[in-house]
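K.L.:
Work out the full structure, taking the sequences as your base and the hints as a guide.
Using the numbering used here, the letters of the sequence shown map in sequence onto residues 1 to 137.
By construction, these hints were calculated from the structure, which means they are not laboratory data.
Quick caveat: nothing in here was measured; it's all calculated off a predicted structure.
Do not rely on the hints blindly, as some may be mistaken.
[Said to hold, decoys possible] Below, a list of computed lysine-lysine pairs in the DSS-like style, where the Cα atoms sit at most 27 Å apart: (1) 102 / 49; (2) 22 / 54; (3) 33 / 49.
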Amino acid sequence: MAYAAMKPTKPGLEESQDQIHKIRITLSSKHVKNLEKVCSDLVRGAKDKRLRVKGPVRMPTKVLHITTRKSPCGEGTNTWDRFELRVHKRVIDLYSSPDVVKQITSITIEPGVEVEQILNLTTFTEVLIQISERTKN
1 MAYAAMKPTK PGLEESQDQI HKIRITLSSK HVKNLEKVCS DLVRGAKDKR LRVKGPVRMP
61 TKVLHITTRK SPCGEGTNTW DRFELRVHKR VIDLYSSPDV VKQITSITIE PGVEVEQILN
121 LTTFTEVLIQ ISERTKN
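P.N.:
Below, the structure written as structure tokens:
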């Protein structure tokens, strides 16, 4: 019943909605400014193409600590060095076809920013069918 209510009324809409995928882009970097610049460029490019965008979601910063002795031989005064590495992470979700995402992600990526893309292969009509099956039970 819910599937019939959510079914597109225009015949041309079915073809465009079949190709919509959920694409998750994960960005991580040690440098916050570079990371924020890449995030804003991606979101701006997606909004220019009129895509549905969620994010950037700021994940908790991972702080890695290493405490080590300064002296290589182990003798002398006990002096210590403390090193720290902060890894910042952002997640952006896009809803579009993979071809459009290739155009958006062709922007220049700042140095030190790692990009990972995950494509969810569930199409829009498959989601509608799953919802209708849940409501029947």
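K.L.:
What are the numbers of the hints that this structure violates, sorted from low to high?
P.N.:
Going through the list in order, the structure violates no hint and respects every one.
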